[in-house]
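Kindly produce the complete structure, drawing on both the sequences and the hints.
Residues per chain, in single letters:
Protein chains: 2
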Amino acid sequence: MTDRPLPASLPETERTRHRRLRDQGSLERARLDEILDAGFLCHLGVVVDGAPMVVPTVYGSDGRTLYVHGSVASRSLAAAPGTPVCVTVTHLDGLVLARSVFEHGVNYRSAMIHGVPRPVTDPEEKQAGLRRLTEQAAPGQWDYARRPSRKELAATALLALSLEEASVKIRTGAPDDGDGPDAALGLWAGVLPLTAAWGAPEADPLLPDGVTPPPHIAARAHTRAG
Amino acid sequence: MTDRPLPASLPETERTRHRRLRDQGSLERARLDEILDAGFLCHLGVVVDGAPMVVPTVYGSDGRTLYVHGSVASRSLAAAPGTPVCVTVTHLDGLVLARSVFEHGVNYRSAMIHGVPRPVTDPEEKQAGLRRLTEQAAPGQWDYARRPSRKELAATALLALSLEEASVKIRTGAPDDGDGPDAALGLWAGVLPLTAAWGAPEADPLLPDGVTPPPHIAARAHTRAG
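Residue numbers (our numbering), protein chains in the order written: chain B, 4 to 229; chain G, 4 to 229.
Hints may be right or wrong, so weigh each one.
Said to hold, decoys possible - Label pairs and their calculated CB-CB ranges:
1. G:Gln27 <-> B:Pro208: 14 to 22 angstroms
2. B:Pro184 <-> G:Ala33: 42 to 50 angstroms
3. B:Ala221 <-> G:Ala33: 32 to 40 angstroms
Said to hold, decoys possible - To give an idea of the interface, some chain B residues facing chain G are shown, with a C-beta separation under 10 angstroms as derived from the structure:
4. Leu30
5. Ala33
6. Arg34
7. Asp40
8. Leu44
9. Pro59
10. Leu98
11. Ala101
12. Leu133
13. Trp145
14. Thr159
15. Pro196
16. Ala199
17. Pro208
What the hints assert, rightly or not - Stretch by stretch, here's where chain B covers chain G in the computed footprint (C-beta under 8 angstroms, at least three residues):
18. 27-41
19. 161-171
The set of hints was computed from the structure by calculation and includes no laboratory data.
Beta carbons are placed, not taken as given, at the ideal position from N, Cα and C, and that holds for glycine.
Okay, structure coming up:
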C-alpha cells in the first residue's frame with residue numbers, strides 16, 4: 004500500500020534464480036508487468052495436506068499487488084491464507100519446429116510469482132481489487148454492469164499477493180539447430196505461431212430484442228487476446 | 004501398462020469431489036480425454052521445500068498415462084519423483100459478461116490430475132512417451148524430424164502420471180442472471196468467445212531458399228487450436 008516503487012530488477016532468490024535455459028530467464032520487472040498485463044487467467048498453486056493443487060482462476064495486477072479471485076468455499080483458498088502459494092501466468096506463442104525432435108519446443112512468455120497471500124478483507128480494498136480484476140479481463144464492464152453489493156462483496160474471496168518475488172521466462176524466435184549438423188538434413192524448420200483472438204459477441208438468448216453490445220465489447224471482437 | 008480399460012467414471016476422492024459449482028464438475032472420463040486431447044500445455048504443480056511451484060510444460064496423453072516433459076536439471080522435476088504432483092490443463096473459451104459484475108466469469112474446460120509420477124527410465128517407454136508428447140503438440144513431426152539419439156533420450160526427463168485420479172470442470176453458455184432481477188436493468192449480456200488459432204508457418208531465417216513447409220505443417224495454418 005506504500006507508494007515506494009518496486010525495484011526495476013526482480014530479486015534473485017533461491018526460488019527465482021534461473022538454473023537452466025538461462026537465456027530464457029529475465030529479471031526485468033518490466034517484462035513481468037507486460038506478461039501480467041497481457042492476460043487475466045492464472046494457475047494458482049497451493050499445498051493441501053502435503054500435496055500440490057493447481058487451480059485455474061482469474062487475476063488482476065496493479066504492478067505491485069496481484070489480486071487473485073476465488074470462492075470462500077474453495078478448498079484451495081481456504082488453505083492458502085498464511086501458507087505459501089505460487090501463481091503462474093503463461094502465454095503460449097507458438098510451436099518451435101526444429102530439425103530434430105530434441106530441439107522442438109514452444110515460444111512462450113511465463114511469469115511465476117511466489118509468496119504468502121493476504122486475504123483481502125477491507126471492503127474498500129476488496130472493491131478496488133475486484134475492479135482491477137474485472138477491468139483486466141473485461142475492460143469497461145466495471146462501469147457498465149451492476150457493481151457488487153455489500154453482500155456480494157462479502158461472498159467474494161480475494162487474495163492479495165505481493166509482486167516482490169517473481170521469475171520470468173520468455174522464449175521467442177526460430178529453432179536453435181539452424182547452424183548445427185542437423186541443418187544438413189534439408190528439413191523445413193521454423194515456428195508455427197499461435198494467437199488467441201476474441202470472436203464476435205454472442206448475446207444471451209434471454210436478452211430482449213434490440214439490446215446490442217456496448218461499444219467497449221463490440222470493439223473487442225476480432226482483436227488479439229494475450 | 005495393462006490393457007484393462009479405465010472406468011468410464013472418474014472416482015470421487017477427497018481431492019476430486021466437487022465442493023462448489025457442482026454443475027460445472029464432471030466425472031465422465033470421456034470429458035477428461037477430450038480436454039487432454041485438445042491441448043499440449045499443462046501446469047505442473049510440485050511441492051519444493053514446503054512451498055508450491057507451478058511450472059508450465061508440455062504433455063502427451065494416451066488416455067491412461069500422462070507423459071509430462073521436463074529437464075533432468077529442473078528443480079521441480081528433481082523434486083517430483085515419489086512426491087505428489089498436480090497437473091492442470093485449462094482451455095479458456097470465453098468471457099461470460101453478465102448483468103452484474105458478481106456473475107461475471109469465464110467459459111472454460113479444465114482438468115486436474117493428481118498422483119505420484121513415475122520417472123520414465125526405460126528407453127523404449129521413454130521413446131514412446133516422447134513420441135506421444137511430440138505428436139500431440141506437432142502431429143507429423145515425429146516421422147518428419149530427426150528422432151532423438153540415445154544421448155538425447157538420456158538427457159530428456161519424462162514423467163509418467165496415471166490418469167486414475169482426476170477432476171474435470173467445464174463451463175459453457177450464457178450468463179446465469181438472465182432470469183434474475185438484474186435482467187430488468189436492460190443491459191447487454193452474453194459471451195465474448197475466445198479462440199486460439201495457428202498462424203502461417205514462419206520459416207527459420209537460416210533455412211536455405213526453396214525449402215517449404217511439409218503438408219502436415221502447412222495444413223495447420225489458420226486452423227483452430229484447443
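Hints versus structure:
For the pair Gln27 of chain G and Pro208 of chain B, the supplied restraint of 14 to 22 angstroms holds, since their beta-carbon distance comes to about 19 angstroms. For the pair Pro184 of chain B and Ala33 of chain G, the supplied restraint of 42 to 50 angstroms holds, since their beta-carbon distance comes to about 45 angstroms. Between Ala221 of chain B and Ala33 of chain G, the C-beta spacing of about 37 angstroms keeps the proposed range 32 to 40 angstroms intact. A cut of 10 angstroms between beta carbons decides the hint on Leu30 of chain B: the least distance to chain G is about 17 angstroms, and the hint is violated.
Given the 10 angstroms rule on beta carbons, the hint for Ala33 of chain B is violated: about 21 angstroms separates it from the nearest Cβ of chain G. Against a cut-off of 10 angstroms between C-beta atoms, the interface hint on Arg34 of chain B is violated, since the closest Cβ of chain G lies about 16 angstroms away. Here the hint on Asp40 of chain B is broken, as its CB sits about 17 angstroms from the closest CB of chain G, past 10 angstroms. With a cut of 10 angstroms, the hint placing Leu44 of chain B at the interface with chain G holds, because the nearest CB-to-CB distance is about 5 angstroms.
Hint status for Pro59 of chain B: holds, given a least beta-carbon distance of 4 angstroms to chain G, under 10 angstroms. Using the Cβ-Cβ criterion of 10 angstroms, the hint placing Leu98 of chain B at the interface with chain G is satisfied: the shortest such distance is roughly 5 angstroms. Below 10 angstroms, beta-carbon pairs count as interface contacts, and Ala101 of chain B has one with chain G at about 7 angstroms; its hint therefore holds. About 7 angstroms separates the beta-carbon of Leu133 of chain B from the nearest beta-carbon of chain G, less than 10 angstroms, and the hint is met.
Evaluation of the Trp145 of chain B hint against chain G yields a held restraint, the C-beta minimum of about 6 angstroms falling below 10 angstroms. Restraint check, Thr159 of chain B versus chain G: the minimum CB separation of about 7 angstroms is within 10 angstroms; hint holds. Annotation: Pro196 of chain B was flagged as interfacial toward chain G, and the flag holds, the nearest CB pair being 4 angstroms apart, inside 10 angstroms. At a threshold of 10 angstroms, the smallest CB-CB gap from Ala199 of chain B to chain G is about 5 angstroms, leaving the interface hint in force.
Here the hint on Pro208 of chain B is kept, as its CB sits about 6 angstroms from the closest CB of chain G, short of 10 angstroms. Under the rule that three or more residues need a Cβ within less than 8 angstroms of chain B, the assignment of the segment 27-41 of chain G is violated, with 0 such residues. A stretch counts as covered by a chain when three or more of its residues have a beta carbon under 8 angstroms from one of that chain; for the segment 161-171 of chain G and chain B the count is 0, and the coverage is violated.
Hints 4, 5, 6, 7, 18 and 19 from the list above are not met by this structure, while the remaining hints are.
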